[in-house]
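J.: With chain P held as given, fit chain R onto it using these hints.
Chains as they are written, first to last, in the working numbering: chain P, 552 to 666; chain R, 110 to 222.
I should point out that these hints are in silico values taken from the structure, not numbers from a laboratory. Careful: at least some of the hints might be erroneous.
Stated by the list, open to error - Calculated lysine-lysine pairs in the DSSO-like style (CA-CA distance at most 27 Å, straight line):
1. R/Lys209 x P/Lys592
2. R/Lys170 x P/Lys606
3. P/Lys592 x R/Lys158
4. P/Lys617 x P/Lys565
5. P/Lys571 x R/Lys209
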Amino acid sequence: GAVVSQHPSWVICKSGTSVKIECRSLDFQATTMFWYRQFPKQSLMLMATSNEGSKATYEQGVEKDKFLINHASLTLSTLTVTSAHPEDSSFYICSASSGAGSPLHFGNGTRLTVT
Amino acid sequence: AQSVTQPDIHITVSEGASLELRCNYSYGATPYLFWYVQSPGQGLQLLLKYFSGDTLVQGIKGFEAEFKRSQSSFNLRKPSVHWSDAAEYFCAVAQEYGNKLVFGAGTILRVKS
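Chain P with its partners taken away, still in its complex shape (with noise of 0.2 Å):
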């Protein structure tokens, strides 16, 4: 079956550094990506939308400048948290779709701490 790979599956930064997490799409196409954060015994909430070749749709309250999104390729999609702070730490996970229609596949999440 089709399988996401995100990386790295934890993270530990200080504050004020920034930090990039990577999501591949191994065996398929990935023409769209959504980024989900997970707080603490929490649901997971949508970030931002990403289409190939084309800027995010951040969801109302994520800060873009805050939290890069670039999907660049139809099997990368990167999300770059910049001076980061503890209140960022948190699980980070991506899901990958070729297109509407299709399945939702996940990678199995960041675990990111900040100090």
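T.: Using the frame of chain P, we list chain R on its own:
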């Protein structure tokens, strides 16, 4: 706007007992409905989905769910729970297959032996 309500935050059942996890959705048109399971620190695994047709859908690991339009519900059931079923379960709705999902708050299932 779409929304999903999972009224039970925690549920504890005995191993071998039956299970029902509740999910209610709010969406004007015919929804695409999903149930996912998440083990601690892991990603999401799709258990089953409903788009149209038979309102009782079968999924993996012996799970099933029934779509009831009149009640705006999509409850997940399993006749006999195994200890390995302990995890968090999320109900989700989408406008179309492959599009963004709106998740419920999740239900944590504990299984006691």
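J.: Take a quick look at whether lysine 170 of chain R and lysine 606 of chain P sit within 27 Å of each other, Cα to Cα.
T.: At roughly 39 Å apart (the allowed maximum being 27 Å), lysine 606 of chain P and lysine 170 of chain R break the hint.
J.: Run the distance test for lysine 209 of chain R versus lysine 592 of chain P: straight-line Cα separation, threshold 27 Å.
T.: 21 Å, holds
J.: CA of lysine 592 of chain P to CA of lysine 158 of chain R, is that 27 Å or under?
T.: At roughly 24 Å apart (the allowed maximum being 27 Å), lysine 158 of chain R and lysine 592 of chain P satisfy the hint.
J.: Is the hinted pair lysine 617 of chain P and lysine 565 of chain P satisfied, with a Cα-Cα distance of at most 27 Å?
T.: Roughly 16 Å between the alpha carbons, so the hint for lysine 617 of chain P and lysine 565 of chain P holds.
J.: Given the hinted pair lysine 571 of chain P and lysine 209 of chain R, is their Cα-Cα distance within 27 Å?
T.: The hint holds at about 22 Å.
Against the hints set out earlier in the document, a violation occurs for number 2 only.
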